[in-house]
Structure formats: C-alpha cells, structure tokens
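*Asks:* If you want the building blocks of each chain, they are given just below.
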Amino acid sequence: MDLYQELILEHSKRPHHAGLRQPFGAEVHHVNPTCGDEVTLRVDVEGEGLDAVVRDVSYDALGCSISTASTSVLTDEVIGRTVREAMTTHEAMRAMLTSKGEDAGDEDVLGDGVAFAGVAKYPARVKCALLGWMAFTDALHQAGIDTTSESGTTAATNTAL
Amino acid sequence: MASTTTFSDEELARIRAGFPILSRTVRDGRPLVYLDSGATSQRYAGALDAERAFSEEVNAAVHRGAHQLSEEATDRYEGARATVAGFVGGATDEVVFTKNATESLNLVAYGFSGSVAGEAKDPRLDLGPGDEILITEMEHHANLVPWQELARRTGATLRWVGVTDDGRLDLEGAHGPALGELLTERTKVFAFTHVSNVLGTVNPVRRLSEAARAVGALTVLDACQSAPHLALDVAALGVDFAAFSGHKMYGPTGVGVLWGRHELLAAMPPFITGGSMIETVRMESTTYAAPPQRFEAGSPNAAQAVGLAAAIDWLGELGMDRLHAHELALTERLLAGLAERPWVRVVGPTDTTDRGSAVAFVVDGVHAHDVGQVLDDQGVEARVGHHCAWPLHRRLRATATTRASLAAYTTPAEVDVLLDALDRVPAVFGVAS
Chain U
1 MDLYQELILE HSKRPHHAGL RQPFGAEVHH VNPTCGDEVT LRVDVEGEGL DAVVRDVSYD
61 ALGCSISTAS TSVLTDEVIG RTVREAMTTH EAMRAMLTSK GEDAGDEDVL GDGVAFAGVA
121 KYPARVKCAL LGWMAFTDAL HQAGIDTTSE SGTTAATNTA L
Chain G
162 MASTTTFSDE ELARIRAGFP ILSRTVRDGR PLVYLDSGAT SQRYAGALDA ERAFSEEVNA
222 AVHRGAHQLS EEATDRYEGA RATVAGFVGG ATDEVVFTKN ATESLNLVAY GFSGSVAGEA
282 KDPRLDLGPG DEILITEMEH HANLVPWQEL ARRTGATLRW VGVTDDGRLD LEGAHGPALG
342 ELLTERTKVF AFTHVSNVLG TVNPVRRLSE AARAVGALTV LDACQSAPHL ALDVAALGVD
402 FAAFSGHKMY GPTGVGVLWG RHELLAAMPP FITGGSMIET VRMESTTYAA PPQRFEAGSP
462 NAAQAVGLAA AIDWLGELGM DRLHAHELAL TERLLAGLAE RPWVRVVGPT DTTDRGSAVA
522 FVVDGVHAHD VGQVLDDQGV EARVGHHCAW PLHRRLRATA TTRASLAAYT TPAEVDVLLD
582 ALDRVPAVFG VAS
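Residue numbers (our numbering), protein chains in the order written: chain U, 1 to 161; chain G, 162 to 594.
Okay, chain G solo, but in the shape it has when bound (with noise of 0.2 Å):
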C-alpha cells in the first residue's frame, strides 16, 4: 500500500465534479463541508444517471412478462446483480437486493430461526435454548438489535465481545472474557462489524472468522462501513454472509445488498413472502424459489439496484488502494490536527492502524450537539450522538460524541476547516483550551 498514491488536486476535482451538491452553500453562505458520508455519503451522479436512464430507456416489471421492455430491464437488473457480485469477489446467485443494510441483516438473523418449511431443518440454522450467539459491544444497533430479537424468539443465549478502551475488539479478554471463551461450540453464528461505524476500528476479520468456523460457528460481516473505503473479497475473508447499503457508497437510497454463501441462502426461510419469490403456489401451500428470488419478494427496487451497480464501476475506476490511501492520508491529518488540540479526546484509535475514516472525538466539558452546532454553523457537517451505536457510547463513558466521516471527495483543506471551526468551541462555552 506504500505505494499507493493520493488523489491529486485534479484528480480530486474530477471527483467532486461528479458530486453537485458539493458546490451548495449553508447557513448564510458558507461552502458546505460535508463530514458525515459514514451516515450517508453524497450521490455519485452517474448513478443517478443510470437510474433515471433505467426509468427512460428500459422502466418494466422485471422478472415477469415476455414483452421486450420487461426483458431488457431484467437485464440491467441482473447486470447490477453481477457487478456487486463481482464487486464482492462472490457469485451471481449469492447476492440479494434488500432495502438497506438493516434489512439485509434481519434477513440473515431471521433464517436462523429455523430451516425451510418442508424441507429437513439444517441444524446450523436451527436455534434454540442451549444455542448461542455472539455479537460485539461495537456493532451498530441494525446489527445488534435483530440478533436480540433472534435470542428472545429462539431462547438462544446472545454473548458478545467487548471493547477495549482504545476501541479495538477486546479479543485477549482484558476487561472481560476472552474470544476463546466466548466463542465456543455452542456458537451458532458471530455477526461482527468490518469496521466500526464510530470509532473507525477495522477488525481482524480473516482471523475472526477462522476461529469462528473452528468451532463450526458462521459468521455475518457488516460492511456498511467497509464496502465504500476498502476492497472487499468474501472469499478472503471467510465469512458467510456479508451486508452493506448502497447509499453509504455513492449510491441511491432503498437499496441494500445480502452476500451470502449459496448452499446457506438455499437452506433459509424467506423473511418477506409474497410475488416473485414462489416456486409453485396452491390454496393449499407454497414452495419457494431458489436464491436469490426466495428473499426479493415484490417489485424489486431495479432503477436503484443499477444505480448502485454505477456507483460501484465508478468505485473500480477510481481504485478502492487509492481511495483508501487518500481516505488514510486525510485520517492522519485530522488525527494530527485533533492531537494537537488536548481539550479534543478521540475515542477509537489514535493512529491509522487498521483503522477507517470514521474519527469520533468529545470535547471536555462540551455536549457533541453543541459542538455540532457550531461547526454547523460554519458550514461543516459532521454527525453527533450516539451513532447508533448506544451499548459502545456507554462503554467508552461518553453520552455522544462528534463524528467526522471522510469519503472519496473530501479534501485536506476541508479537514483544516473542521479543525478551525473546532476551535471556535471552547470560546462559545467558556471551557478550557
């Protein structure tokens, strides 16, 4: 990765020239400086061209009628499921269109419930009393709360790892117990996120999921926070399932993606019922169609499932090594810049090892919406609260915090702006800098 370079100025404006919300103004104004793409990033135009050109050129029912519109717009549609295949390094028929994320993982969490009706129950996918689930105290509640409902509906036990006081995963057991204690053959699947959506933590997924499937546990991958930054192979991560949202990654909202491994996928229930997803229907019963059909059921979100597929050639044309070098280059400068500034307290990791774009940070004496705010008031927007992500916020003792999240688009002189707006802090609340 040394190697790697930077965007460069021309490079970056090419960029951004893709972005034309970037050019707007807020609060009397001042440029916008958007920090919170960890949220949700800006809209890559060419995927929005590719969705309205979906909607002018081919717009049709898809799967469905013999007619030449509905063929050629199953064919964009299944061109978009091939390219996030490919994006992923997985195949075809192992990728579903959901909604979001969320959905995504409270589709996975709901085939744990129990086998396909019918069919002999597949006991990696059966859960009951005795069976456990193993979660981290980092997730994001869209991959927390749907396995605490899994737990409640199953009687399964939930478990999960902690989190150190610098933010990484608490694997040796240093405040509580440890991986190999935790993950045990009563283990039936590990959900852990690639990368925290707060403190920018890249976990050790390889060796997550290898000690997983040691004990014949699966494993579910969260990578919202990873497909839009870093390159994603399934295959050499060894997990199961994986699931992102495509309006973290410059794509459209109302579309999200399950990779899951095929021979798993065919052995779930579907989660949501109805058109598209049957085999054969009587008054009587029901069967279903294989993957990935069994889990679209209803008109599918087709225009927007193409747009991600645009945002995702554009993702490759940039390069997900350079996107990542430029992505680091600005971490290390907002990680410096806050260093500097010892009434600022990261929380997450202090340098950029193994570590995303995401940096959230307190300001003593000061409440994150009121830092917020000021930085809102001079053009930056940046996320406060809790992110989501509430059990990790009381672990590392902080009510809510700021967070910056960079993307392809941010430049380092909108780091300087943040650090200079942060500035402006302590002099509007009278605390110490």
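Next up, chain U with everything else stripped away, as it sits in the complex (with noise of 0.2 Å):
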C-alpha cells in the first residue's frame, strides 16, 4: 500500500515532540467526530503576525497512525520557523492532500510532508492528516497571531473539506 510510506510509520510509532510543555501562548482541542480521533495541541510564539517565531508546538493525540504521523511532522517543519513559513508549508500540504493525486507535494517545502501525497488518493483519510494542522492554525489566532498574508486573504485556515 503507498499510504503507509516507511515515514509515516515511524513518525506515528514514534512522534516527535510529542507531550504538552510550558511555556505556551495557546492551548486548542480538536476531534474528527467522525472517528473520534482527538489532539490537544500548544503552541508558543514570539513577535507579532506573519513575522512571529513558532518557538514550540507541544501536543498530546489519540489518533490512527496518518493524524499521529502528520502531527508529528508538523512540529519538525513549523519549530523554528516564522508563521509565514509556517503558513506556506501548511497551505502547500493542503493544496497535496485535496489534489487528488494530482499534486505530488514538493519536498523543499513540506520536508517529510510529502510522504503523505498517497493519502490524497483516500478522500476519506485526508482530514486525518489535516487535524494537527488545523488545531495549529486555531492555536496560532487564540494566540493572537493574526495569519491574514500582505495580500489580504487568509493564509490556509479552517478550509472546508
């Protein structure tokens, strides 16, 4: 099967920066109600809007191995980075995952992310890999970080599946 990449496994047997940490500016809690899958995720940032550093992303999830490993991969792609990096990594693993297949991701940019393009192909699978990601942009507004790009429009946020 080309979902389960040997990636994808190892980060969801085991995930990075797994666990909740202080110091932290928000706390989310987000489920997929259809399966019940939950991740409780902080994030903790210095500066203001695009130019903020996520300067960690501690999180505690129950989740099948795809939301368990995306989450994980999250963390290695968005710690260290600014919001707007950040922002582009998550809209660029979007655009991958509701392509249908037709969009392979590019590595420079999604890091180990790219070994989720198989699960565009499951419908089905894609809010799995979205979850952590979603709960990351929600903790980045309770933060206060305003994501909005100098264009105006919303970097990818809670975009409907």
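Simulated from the structure, these hints should not be mistaken for lab results. A hint or two may mislead.
Stated by the list, open to error - Some chain U residues well away from chain G (every beta-carbon gap over 12 Å; in silico):
1. R21
2. Q22
3. P33
4. G36
5. T40
6. E48
7. L50
8. G63
9. L110
10. A124
Stated by the list, open to error - So the derived list for chain U, only partly shown, Cβ under 7 Å to chain G, looks like this:
11. F24
12. C64
13. S65
All values reported here derive from a predicted model rather than from experimental measurement. For every residue, glycine included, the Cβ atom is placed at its ideal position computed from N, Cα and C.
Please dock the two separately framed chains into a single complex, following the hints provided.
*Replies:* Take a look at the structure:
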C-alpha cells in the first residue's frame, strides 16, 4: 500500500515533540467527529503576525497513524520557523492532500510531509492528515497571531473539505 | 431455532443475484466483500424495480385529487403501509412513514413535549421538571441526542442504564445503578435499542418493556438493527413505539418507519406541519388529521415506501428464521476466527448467545482507521470509527473500533477473506501478532 510510507509509520510509532510543554501562548482541542480522534495542541510564539516565530508546538494526540504522523511532521516543519513559513507549508500540504493525487508535493517545502502524498487518493483520510494542522492554525489565532497574508487573504485556515 | 437450516450454496447464489453491486470490484480489481450492511445494506433489485414501477406506472400525488393515477398511486402507497404493518404485527394506521429512523425517533421524542394543542394534556406525554427519561449507554446517537434535547426543552432529567465490560446492559447494577433503581415512577419514557449497532448485543426487550409498564413508563424501541435480521412482533415485544430505516433492510434510502400504538399517536402533537397533515385550516388556527397522516406533512416518499414494501416481501420469502440462522452461523465463524487471533479484542459478546451479526473489534496497537484501510486495500469494506455510539466506545475504553456487519448475502468465504485480510495488519504496522 502506497499510503503507509515508511516515514509515516516511523513518525506514528515515535512521534516527534510529543507531550504537552510549558510555556505556551494558547492551547486548543480539536476532534475528528467521524472517528473520535482528538488532539490537544499548544503553541508558543514570539512576535507578531507573519513574522512571529514558532518557538514550540507541543501536543497530546489520540489518533490513527496518519493523524499522529502528520502532527509529528508538522512540529518538525514549523518549530523554529516564522508563521509565514509555517503557513506556506500548511498551504502546500493542504493543496497536495486535496489534489486527488495530481500534486505530488514539493519536498523542499514539505519536508517529510511529502510522504503523505498517497493520502490524497483516499479522501476519507485527508481529514486525518490535516487534524494537527487545523489545530495548529487555530492555536496561532488563539495566541493572537494574525495569519492573514500581506495580500489580505487568509492563509490556509479551516478550509472546508 | 436449532432445526432451522442456513441457506444452501444455491440459495445464497440466488440471493446474491438480487444484488448486482456484489459482483463489482474495488481497489484494483479485487472482488467486493461488503461487510458494512449495519451502516447501510445493499439494495435488493426487486425493491428498486418496485420503486421504478411506481414512477413509471402510477406516479401522482398520493392522497390528493380524484383522478385515476392519484387513486392508483395512493393504493400502492397505502399497500406499502399495510405491508409494513404486517411485518411488525401492528395495525395499518399505526405505521408512519418518515425520512429515516432518526426522524422517527425525533418525532417520538418531540411527542413528549406536550399533547396536541387545544386538547386536554395527556400526562403521559407532558414532561417537565421532576420527570425522568431513561435510555442506555449503548444507544446510537439517534436514540440519544433527541432525548438529551427533550430533557433540555422540558426540564426533565436524562438517566441511562450502563453497560457491562462484556457489552451487555448492566441491569443488575454491577457498575452503577441497577435497572430497578433507574426505572421508577418518575420515569415517563424508556428508550432503548433492540440490537446494538456496535456490539451486536440483543437486548431482553420483553423484560425491559414489562419493567417499564410496571412503573407506567412508555417504551421506545430502536429496531434499526433488528428489523433486517429478526422477526419483529411489537405486541410480543410489548413496546409502545418502534423505529427503523428502509436502507438498512435492503430497501431504499429516504424512507423510515415509526410504528406506534394508535392511542398514543393520536395524543401526540405533529412534529412537522404543513400540507396533508391537516383536518381544517383557518387563518387563525388549524386542526390536525388523525394518525398516521398527522405525521406525514408534505408530499410523502411514496415510491421509496413502495420499494421498502418490496424489500419486506422479499424478507418474508427468505424467512426471517432462516435468515437469522444464516447470519448466526456466519457470526459464529467470524467470532471463532477472531478468537484464534490473540492480538484482536472483540468489543461485545464473544459468543452467539443473544447476539446479532455486527462484530466490532480492536487490533492491539493499531488504530481502527488503519485497520480499515488495510482491509479496504484487499476489497473488504468494513466500518471504522465510533459508529455513532461515542459514549459506548468511551465506556468500553476504545477510541474507535472496526466493525464487520453481516447480511443475507454474506458468504462464509467472505468471512474468511476478512480474517485473511486482517492477518496483514500486524505486519504492516509492526505490532506483535
């Protein structure tokens, strides 16, 4: 099965940056109502707007391999980066996942996230792969970060699936 | 029942021929192994034919107009009602066609908000603070949320019968209050499922309805998971209302049934109002038609009701006792196979005593979504998640389960395909097997 790439299985077995840590600017709780998966996620950010820096993302997740691994990869990709970079990665991730397999993903932007390209062929699993990202974006907003880009459009937030 | 035989290979082949979808393939040419009939069954071709014949031969507004087509359409629609009534052992004017069982259950729950406007209030249907609504912890959300809402609107208190570790109703109070403590003179209504959509548990309906009657509580039976599998007899079950859906019993979507004792339906307010459910309408006020019309506002789903009746006729031809024997034998095969796999934990009864054919399980260390994905890759369509019974999953300490639910067209070979497919799961996710 091309869905379960080795990278995904590795991340799901040993998720990076797992656990809830101090300090944090906001904490959110997101669920996937169809399967009952849950994630509690905290962000610690410094600065304002798109230039703010993500100092830490910590989480406690209960979910399938896809959602667990995706949240693990998220932390690898956004910790230490600016919100602008994080939003670019989120948008690229969302574009790939909702492309029905047309968009294979760019490893330079997505890092280990490219391993999720196969998820796009299984529409029922896209929500799993985005659960952590939705929680992360929500947490940034809760922490008072405006993720609206300079052009005035909101960078990927709770895009309807 | 011991003398009842299961279907022969020839009979099973003939049954399957009535479901063309079963011959399709999925995921790169694998034969479809459909084990999700508990969510929605496949449609019997004869039910689709009846639906189409209604539309091609007699389609017209039912219960309106005096032209010939309308008369013929009304005849078929009312004929479908008579078929449903016969199926549950009730009277024709006790059968209400709804959109689905969820609507049926909401309709009943709404009925407890007070009796028909302008008439003397029926105390049995007029809930308020101090009154209690009793449900169980194994309910589908459709037989749970409407009761929470009723409690919220009326100020009544919602209580529930717990579930034991092996997936039965905790009637003796091993983990919480016993039925005798929960079901009191304060209880106005006791709503419970006949067969759990997750665990497969068959509840002792007669015992529950008798206990309810003894304290003057009305009973509402969620029969969604029993109507397609067991002979239903509302009088023998002793309940006051029963709800089920067409699409889970080989019929069309968009049609459900509420059966209710006539004198209770006659005391209940309408749930949805408009055309077809009135007696007289003036600008100031309206009086309502007698049941079942009172509860069928707007143009009804006549073609779907006719399709459902055809599915019911077909179930009658199969014989509910033989169907049950067939499904029980398959369930036994599945449970035995799962028992040979120590890395699988069945959630619910592990033998076939008082059990239906839904079997939910967890694979140690692997999320149900991932189990389902591996099964799907091999053509096995099972349900994953909490199956609209989230509190039950919490109670049994499972985030989500994988559920195989069997049907008339399920073969022993398909059960074996599921078991073989399952064997791939530990290897894919690197867990012990």
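*Asks:* When the structure is checked against the list of hints, which entries are broken? Sort them ascending.
*Replies:* Violated: hints 3, 4, 8, 10, 11.
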